[in-house]
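**Q** Okay, here's what each chain looks like letter by letter:
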Amino acid sequence: MKSLALENLSKTYFDPYRGTQLTAIKDVSLNVKEGDFVAVVGPSGCGKSTILNMIAGFVPVTSGRILVDGREVKGPGPDRGVVFQSHALFPWKTVAENVTFGPKMRGVGKQERAKIAEEYLALAGLSHAADQYPAELSGGMQQRVGVVRALANNPDVLLMDEPFASVDAQTRMTLQEELTRIWEERRPTVVFITHDVSEAVFLANRVVVLSKGLVLEKVEIPLARPRSWERLVEDDKFKALSNQVLQLVRSA
Amino acid sequence: MADEAVIFSPVPYRRTWQAVKFVAPLLLLVLLWQVVVSAFDVNPRIFPDVPTVLRAGWETIANGSLAAHVGASMLRVSVGTVLAIVTAVPLGIAMGVSKGVSDFLTPLFRFFSVLAGIAWIPIATLWFGYGFGAITFVIFNAVFFVVAYNTLLGVSTIPMPLRHAAASLGAGRWQMLTQVLLPGALPNIVTGIRTGMGFAWRGLIAAEMIATNVGLGYMLFLARDFYRTEVIVFAMIVIGLIWLVLDRLLLAPLERATIERWGLVQRS
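Here the protein sequences line up with chains A and B, keeping their order. Residue 246 is where the first sequence starts when you use my numbering, and the numbers rise one by one after that. Residue 6 is where the second sequence starts when you use my numbering, and the numbers rise one by one after that.
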């Protein structure tokens, strides 16, 4: 896992309905150290998903640079693993085949892939579902597969685009706890996009509040790890930080 | 007996019941045919009774002419269909990955998939002469445009995040094709093949009446020249039955299996 740097990023779109240029990102700079966990929050329309899509290489930047481990991003690549809100699992592949998709693309052999599948499915608590198809899984399980599929490809940076937004509240808390556990174990570099303030504070080392295409504030989250909801839900520091971020988002 | 079947093997029982439900109306029609023809003493030139048709059928089986006609027709359908699939699928995928190209070609494909069929016979006979070439071309046309259009549709309806996911997991162009675009479009491709072959089968009979001297369509046409109404009726039954068997036992299960296996239809 390596560092990520955004240098004076901007993005303008042509809006076909108004016939004008639309500025999604004005000027955003951000450094994410190796092994850091940064959450980006902001009201809808603040440009947070645009930033992730640019880092992933799905949309080109208008100006500025994105550097992963010093190399400039030119398009999608296996150095940046992505976890999608819509899970984006391949419906025609089994859970194990989905998890080992990245290694297969790299030409990793069948036996080695079986080991990778075993390891990462165990990490997600999904060993029993290896041979099932995504459609047979619950929403929470699908999202777990999405997370370990990205991890199993050993990317430099893990990009997560509101991955838990479409699961129920109970499952979401469980998934958040599992993600912190995995992060604490493996320390991947993570950029996590969400509109859920408590999710951002719970997960991240640092929360970036975005507003109208600009960074409004960066808030350090010095909460002790390992983190769990049971502990944090009544924690004064957690409440204070959540409040602080919430005020920023609401003013944004 | 039936009760036991329900208790011990519900699935085979349901299948048998479905088959019975499907065959019963057809048998009833045959029965009605026989009753009407003998009750009104219909002239066999106009419409023969069941035993006459069966005898005529047996005769064509015994002298090998039925096998020759069926064989010729099936060969044309197979060759035309296979050629159409191997050319239409790559083209459909190429169109599906580029929105500009697909926007441009979609109206053309809509046009040609309507036109595909016997409208091509005259020009096909000019190009290929009478016989195998012209008829196979008609089959090819019937299948090609429908499969290409459905492949295009299949590729363009693959959700963008799936392609993004593959790209960010390191899939190159070829891997994108074999791992994402092809399997993603497969249910549509199979639907296209099924629809196209339905057109092709109808077109085949028409083309064989005009442009050849062997095949099921020709068998029909020839029998008319000799006033062999019983052979005409038998050939019509064979044409219908072959398609039913092909569609219900091969194409429909294939389509169902792909769609279900691929998880694109919600299972409850």
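Just so you know, the hints here were simulated from the structure itself, not pulled from any lab data. No residue lacks a Cβ here, since even glycine has one placed at the ideal position from N, Cα and C. Worth double-checking, as some hints may not be accurate.
[Stated by the list, open to error] Now the in silico label distances, taken between C-beta atoms and shown as ranges:
hint, chain 1, residue 1, chain 2, residue 2, range
1, B, Ala24, A, Lys355, 37 to 45 Å
2, B, Glu265, A, Ala359, 44 to 52 Å
3, A, Glu363, B, Arg19, 44 to 52 Å
4, A, Gly384, B, Ala262, 19 to 27 Å
5, A, His373, B, Gly105, 40 to 48 Å
6, B, Gly105, A, Glu357, 35 to 43 Å
7, B, Arg19, A, His373, 25 to 33 Å
8, B, Arg19, A, Arg431, 28 to 36 Å
9, A, Glu357, B, Gly69, 56 to 64 Å
[What the hints assert, rightly or not] Computed footprint of chain A on chain B, listed as stretches where at least three residues anywhere in the stretch have a Cβ under 8 Å from a Cβ of chain A:
hint, region
10, 158-171
11, 176-187
[Stated by the list, open to error] Using 30 Å as the maximum straight-line C-alpha spacing, the simulated DSS-like pairs for lysine-lysine come out as follows:
hint, chain 1, residue 1, chain 2, residue 2
12, A, Lys271, A, Lys247
13, A, Lys349, A, Lys360
14, A, Lys338, A, Lys360
15, A, Lys482, A, Lys278
16, A, Lys319, B, Lys26
17, B, Lys104, A, Lys349
18, A, Lys484, A, Lys463
19, A, Lys338, B, Lys26
20, A, Lys463, A, Lys271
**Q** Does each hint fit the structure? Answer for all of them.
**A** Here's how the hints hold up against the structure:
{"no.": "1", "hint": "B:Ala24 - A:Lys355: 37 to 45 Å", "result": "holds (42 Å)"}
{"no.": "2", "hint": "B:Glu265 - A:Ala359: 44 to 52 Å", "result": "violated (26 Å)"}
{"no.": "3", "hint": "A:Glu363 - B:Arg19: 44 to 52 Å", "result": "violated (39 Å)"}
{"no.": "4", "hint": "A:Gly384 - B:Ala262: 19 to 27 Å", "result": "holds (26 Å)"}
{"no.": "5", "hint": "A:His373 - B:Gly105: 40 to 48 Å", "result": "holds (46 Å)"}
{"no.": "6", "hint": "B:Gly105 - A:Glu357: 35 to 43 Å", "result": "holds (41 Å)"}
{"no.": "7", "hint": "B:Arg19 - A:His373: 25 to 33 Å", "result": "holds (31 Å)"}
{"no.": "8", "hint": "B:Arg19 - A:Arg431: 28 to 36 Å", "result": "violated (50 Å)"}
{"no.": "9", "hint": "A:Glu357 - B:Gly69: 56 to 64 Å", "result": "holds (58 Å)"}
{"no.": "10", "hint": "158-171", "result": "holds (count 6)"}
{"no.": "11", "hint": "176-187", "result": "holds (count 5)"}
{"no.": "12", "hint": "A:Lys271 - A:Lys247", "result": "holds (26 Å)"}
{"no.": "13", "hint": "A:Lys349 - A:Lys360", "result": "holds (12 Å)"}
{"no.": "14", "hint": "A:Lys338 - A:Lys360", "result": "holds (17 Å)"}
{"no.": "15", "hint": "A:Lys482 - A:Lys278", "result": "holds (24 Å)"}
{"no.": "16", "hint": "A:Lys319 - B:Lys26", "result": "violated (61 Å)"}
{"no.": "17", "hint": "B:Lys104 - A:Lys349", "result": "holds (29 Å)"}
{"no.": "18", "hint": "A:Lys484 - A:Lys463", "result": "holds (17 Å)"}
{"no.": "19", "hint": "A:Lys338 - B:Lys26", "result": "violated (36 Å)"}
{"no.": "20", "hint": "A:Lys463 - A:Lys271", "result": "holds (17 Å)"}
Hint compliance for this structure: hints 2, 3, 8, 16 and 19 are broken, all remaining hints hold.
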